[in-house]
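In order, the protein sequences belong to chains A and B. Counted from 1, the first sequence has number 203 at position 203 by this note's numbering; the numbering is strictly sequential. Counted from 1, the second sequence has number 6 at position 6 by this note's numbering; the numbering is strictly sequential.
Hints are supplied without guarantee of correctness; some may be wrong.
If the Cβ cut is set under 8 Å, some of the chain A residues that face chain B in the computed set are [as the list claims (entries may be wrong)]:
hint, residue
1, 25
2, 30
3, 33
4, 37
5, 38
6, 39
7, 49
8, 134
9, 135
10, 270
If you are wondering where the hints come from, they were derived from the structure by calculation, not from laboratory data. All values derive from a computational prediction rather than experimental measurement. Glycine included, each C-beta is placed from N, C-alpha and C at the ideal position.
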Amino acid sequence: MAIGGSSRRNDESGIRFSRTFTVALFILSIALIVFDRPQARSPALASMRAGITDLAAPLLDLAAAPVRGLANIGPYWDNQARLTEENAELRRRLNETRYWRDLALQLRDQREIYEQALNVESATTQDRIGAWTLGDPDGPFVQSRLIGAGARQGIGQGDPVLNVYGLIGRVVETGQVSSRVLLLTDLNSRIPVMADRSNARAVLVGDNSEYPRLDFLTRNADLQDGDRIVTSGDDGFMPRGLPVGQAQRDRQGRWRVRLYSDQAPVDFVWVFPFEPVRSPEADPATDNTESGDAELDAQQASADTALPDTNPEGESE
Amino acid sequence: MRPPIDSRPPFGLMVWAVISILLSLIFYSAPLRIANGPDLMPMLPLITLFIWSTVRPRFIPPIVIFVVGLLNDVLTGGVLGVWALAYLTALTIARSRDEDGPSREIGPVWIRFIVVLAIAMPVAWGVGSLAIGQLAPVRPLLIESVASGLMFPLLALLFIRRRNLRGAFGS
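Extracted from the complex, chain B is given alone in its bound form:
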């Protein structure tokens, strides 16, 4: 059995999980683009869900994934259910591939996140296109995917304690 990731009591950790997920939704939806700069906002809700489902899987049951996806849809004004379905699909597949527990080294975790992105984005694009009745543009999704993939390690390290930096996810 692996040592615990964090010595904080589970209740405190759970509160931190809820806060971080809410913050990710707020920052993802808020107008954070400076002047006319490019919109390089990564998929913060997906990153946060993925990190918590890796670090503390029991904090992220399917209902949490569904609710976060739904809030994402509401706050971005999109069709309800699109991101909920995309997140559910990607994270359920990712979990089913890790029955013995995911690796907690940053390298493999990063690769797993890329795989999750590679599932979530096409699902969102396909379902979203069906919902709006025409092909949705691919460019915004590609930009978000690249930004998410590149920024993932940085954001992931924010979730862990300094002592765990070498084995990023608590190995």
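Bound-form chain A, shown alone:
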């Protein structure tokens, strides 16, 4: 049977379909490409995409389940001989970590006190949300992961996503029960970062290679091989200080980052819903700037009138 009723034959071989309809589909494909380019992605197409991935999410999860089991069996047999040694090492590290945890809690309390004292409101992350990876196509055009949690769990666009070792990317599409994470290695990924040691700023730019590069470094940026790179939070969409990787030079002498997250497969991830710091333009409170200023002026004026004119001659001095 032919589409459009223009088939030449009815048997299985040599069947022909409507040429007009085929050409229409070609044109539709090209139109979709134009309207879904990363530079000019249509919101309607993005929501349609999120809806379809929501539908596919349970099936992808089901398909991935046996492989998750296999992935756990493989390393177990590979490392059986080293498990005891590794266990002892992990116990030692755990004890060490307890000290750092206590210190971190202590510092957090101190920071809260300082913030209260200074009346500073800093950007904060809420509780993390755990999710399994449902799809991991490393295609030539996009490096992303589909995860099994979405808006219903509290995930929003732009939220940072980490695995056990470090940042892997940020959420770019959110459905009800699934989200798409753009990896740091993707061509379209741009994350403001800094060196932990020197605060040297840069932008981490994905280029589909294993090691994203550091762009927009100042000429005399204080950066050394092995420097710990963390998010700077300069864009206001990501919290400051999330671990990213280690700086290292490539053969051409350009700075790149060896991602911490590469130490483990991106399998189970945590999303950190983040309330970005709002710009003054977006903050409704700033609408009262003029009235606030007027209030301040009024207070100043009343203070001035309340003050006795003790030294009128002083003005002439």
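With chain A fixed as given, assemble chain B onto it according to the hints.
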């Protein structure tokens, strides 16, 4: 006229076609890489579309090719329309070369699939590069192409009955 490929009623066969195409999309998109092993997933949707368009061409009208390509784009997070256009181009050209009906021997069918791959991949690469505004890396496409070419006979044989093994596509 050739004997029918399968004695099952067309409705059952059609259901099997739909299921196999959906499964190919799901398995292609699901995280099936074990630990840190290499990503050697063949282009399952293209293989499935090609096999069905060879065995039962009327099951695979252009709209089906378009929809499968579109779902492929959605599930892999790529630019919508890239794989739809690549699949449409490759399979339309392959069909136009077989007006008298394609050969159903595994050897020639394999060669035809290689030709389809050789059309689809450059189209996808070129259009995808235009869409993202820079040259896309070639390596992932090459790996997928080689994996698809090598695994094609194995996957093709899964679609046919044992009695047809000698003349793989029902001759």
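With a cut-off of 8 Å on the beta carbons, see whether residue 270(A) makes it to chain B.
17 Å, violated
Status of the residue 49(A) interface restraint (C-beta, 8 Å, chain B):
5 Å, holds
Tell me if residue 33(A) is really an interface residue toward chain B, meaning its C-beta lies closer than 8 Å to one of theirs.
Status holds, d = 4 Å.
Interface hint status, residue 37(A) versus chain B (Cβ within 8 Å)
5 Å, holds
Interface hint status, residue 30(A) versus chain B (Cβ within 8 Å):
Holds - the Cβ of residue 30(A) comes within 8 Å of chain B, reaching about 7 Å at its closest.
Minimum Cβ distance from residue 25(A) to chain B below 8 Å?
5 Å, holds
Hint check: is the beta carbon of residue 135(A) less than 8 Å from a beta carbon of chain B?
Given a least distance of 4 Å, the restraint on residue 135(A) holds.
Go through the hint on residue 134(A) and say holds or violated, using the shortest Cβ distance to chain B against 8 Å.
It holds, given that the least Cβ distance between residue 134(A) and chain B is near 7 Å, below 8 Å.
Given residue 38(A) was flagged as interface, is its beta-carbon under 8 Å from a beta-carbon of chain B?
Holds, about 6 Å.
Double-check residue 39(A) for me: the hint is only fine if its C-beta lies closer than 8 Å to a C-beta in chain B.
Result: holds, 6 Å to nearest chain B Cβ.
The structure is inconsistent with hint 10 alone, although it conforms to all the rest.
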